[in-house]
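Protein chains: 2
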Amino acid sequence: MNIVADLPYNRLSARKIDTGRIVLNVREAGEGPLMLFFHGITANSAVFAPLMDAFCDRFTTIAVDQRGHGLSDKPESGYDAKDFADDILSLIQTLDRGPAILVGHSLGCRNSVTAAATNPDLVRSVVGIDFTPFIETEVFDALASRVNAGDQLFGHLQAVEAYLANRYPNIPAPAIKVRAASGYQAVEGGFRPLASPTAMAQTAEGLRADLVPAFRDVTRPVLIVRGGDSKLVSAAALQKTSALRPDLPVVVVPGADHYVNEVSPEITIKAIRNFIDA
Amino acid sequence: MNIVADLPYNRLSARKIDTGRIVLNVREAGEGPLMLFFHGITANSAVFAPLMDAFCDRFTTIAVDQRGHGLSDKPESGYDAKDFADDILSLIQTLDRGPAILVGHSLGCRNSVTAAATNPDLVRSVVGIDFTPFIETEVFDALASRVNAGDQLFGHLQAVEAYLANRYPNIPAPAIKVRAASGYQAVEGGFRPLASPTAMAQTAEGLRADLVPAFRDVTRPVLIVRGGDSKLVSAAALQKTSALRPDLPVVVVPGADHYVNEVSPEITIKAIRNFIDA
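These protein sequence lines map, in sequence, to chains A and B. So for the first sequence, the numbering used here puts the first residue at 1; every next one is plus one. So for the second sequence, the numbering used here puts the first residue at 1; every next one is plus one.
If you are wondering where the hints come from, they were derived from the structure by calculation, not from laboratory data. Since we're looking at a predicted model, the values are computed, not measured. Watch out, some of these pointers could steer you wrong.
Examples of chain B residues lying across from chain A (beta carbon under 8 Å, computed) [stated by the list, open to error]: (1) Ser125; (2) Ala149; (3) Asp151; (4) Pro221; (5) Leu223; (6) Ser242; (7) Asp247; (8) Leu248; (9) Pro249; (10) Val250; (11) Val251; (12) Val253; (13) Pro254; (14) Lys270; (15) Asn274.
A virtual CB, placed ideally from N, CA and C, is assigned to each residue, including glycine.
Kindly generate the complete structure, drawing on both the sequences and the hints.
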């Protein structure tokens, strides 16, 4: 049995899309209005296979390797919110099928809300998973340390899985296998992350920028999803975000940490359905 | 100036609808898919004029005097959740334009969620304002006392307004005027509530029935809206409801008590937009 070939994301068709400003690698399934997925820092489009499975009967679901990640372009610089958000907007324009529902986790949430605030005509709504304004400095410090520590040579894929299982203790083993198989490349002596180390460092720094203006100004509907045990979005950060935008609906997923859609895909899928079907 | 004629609900057209099981008085504005509004105990359809104003450009907005209230039928008995919910379902069938978005406050929330759980084909979604399972017995005791104390003869309409302003201290004066002018009738010696006292007593008792099955079983999207200062839905009751249905989105309106849509119509309207436009 070929374990890698049996992983759910390998049932998705992959292709490259040149948006004019960047070439993005995407994974795709289904037909209908656009539902786009944007992963967190150091991850890639493969992590969204369970959610795409749930929605590809009604939507063209497309998960994107964001700049610096996976098999997409990795420019030397340009890893701020505006760079990522403009990629999203140029992708929707290239696909010419907007407005799109944007589902973003962490970095992908930041980028999705920024894109919606920048050009509401291209965005129907945003499902923003576990990233808000008001994240504390020490939380960003810890995130940057974890991210930068990922730049390693692993002897074999099992070592990658062991590293990821330790880094993401609540993500179930099958989803860890997906991250390992999809996010690393064979190199001389073993495996290295597909994500560019210098891009990751810049992206981690860029996450610290003030997100209040984007959340304050966004006019399209945003569902705020938080993991009940998230160490990235504290209860205090969520509370301040709700004070800023009391009209935005909130789902807190019990028992989930920051990696909500990988730890609790079923509740995440139901929450998205309740949001977009209302 | 005729103050009563200038109140916003008088711009709505009123009519009676015989659903086959009951004759309901409704207020109506706009064209498009159905958005129906259901008031809390002792209130009537007039309280929803600000919300109908906001949505009648896209929806047929219809606010209903529920059984026992306003100018609708007031049978001697039949004031349980099923009685009210079956009225809603028969109304949608009579209008023959479902599925409908149901916006319900308090009693109206209980009835709307029950209707959606009973016949999901007739309901698109529910905006459930400040009523959940797990409301404490002493809260229902206090509510029943307030409701039953409303059966009074008032010498003039100003006395009604003074009574209502005292009973609902956070509802702004213009909305108090709406409740007074729309919810009382001239009788020998002054004014009395349009709502039937015996129907109110039975309805208050019926609110105590277990609402867990309806919230557990409802398959249509429900937005849970709570007033941040609500004395009816405690923070604990909301927390238990979210544990029961972690996939349902929640909006907590800061500074609002139980009467969320009258105290904070702007945030309520934005929250409904964010829910139905996603």
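The hints, checked one at a time:
Hint on B:Ser125 holds. Least Cβ distance to chain A is approximately 4 Å, under the 8 Å limit. About 32 Å separates the beta-carbon of B:Ala149 from the nearest beta-carbon of chain A, more than 8 Å, and the hint is not met. Interface hint status for B:Asp151: violated, as the beta-carbon distance to the closest one in chain A is roughly 36 Å, over 8 Å. At a threshold of 8 Å, the smallest CB-CB gap from B:Pro221 to chain A is about 4 Å, leaving the interface hint in force.
Against a cut-off of 8 Å between C-beta atoms, the interface hint on B:Leu223 holds, since the closest Cβ of chain A lies about 6 Å away. Taking 8 Å as the C-beta cut-off, the interface hint given for B:Ser242 holds, the closest approach to chain A being about 7 Å. For B:Asp247, the suggested interface contact is upheld, since its CB lies about 4 Å from the closest CB of chain A, less than 8 Å. Below 8 Å, beta-carbon pairs count as interface contacts, and B:Leu248 has one with chain A at about 6 Å; its hint therefore holds.
For the restraint placing B:Pro249 at the interface with chain A, the shortest Cβ-Cβ distance is roughly 3 Å, inside the 8 Å limit, so the hint holds. Taken as an interface hint, B:Val250 checks out: its beta carbon lies about 5 Å from the nearest beta carbon of chain A, inside 8 Å. Annotation: B:Val251 was flagged as interfacial toward chain A, and the flag holds, the nearest CB pair being 5 Å apart, inside 8 Å. Annotation: B:Val253 was flagged as interfacial toward chain A, and the flag holds, the nearest CB pair being 6 Å apart, inside 8 Å.
The restraint placing B:Pro254 at the interface with chain A holds, with a minimum CB-CB distance near 5 Å, inside the 8 Å limit. With a least beta-carbon distance of about 4 Å to chain A, the hint placing B:Lys270 at the interface is held under the 8 Å criterion. Because the beta carbon of B:Asn274 sits about 4 Å from the nearest beta carbon in chain A, less than 8 Å, this interface hint is met.
Violated hints, in rising order: 2, 3; the structure is consistent with all others.
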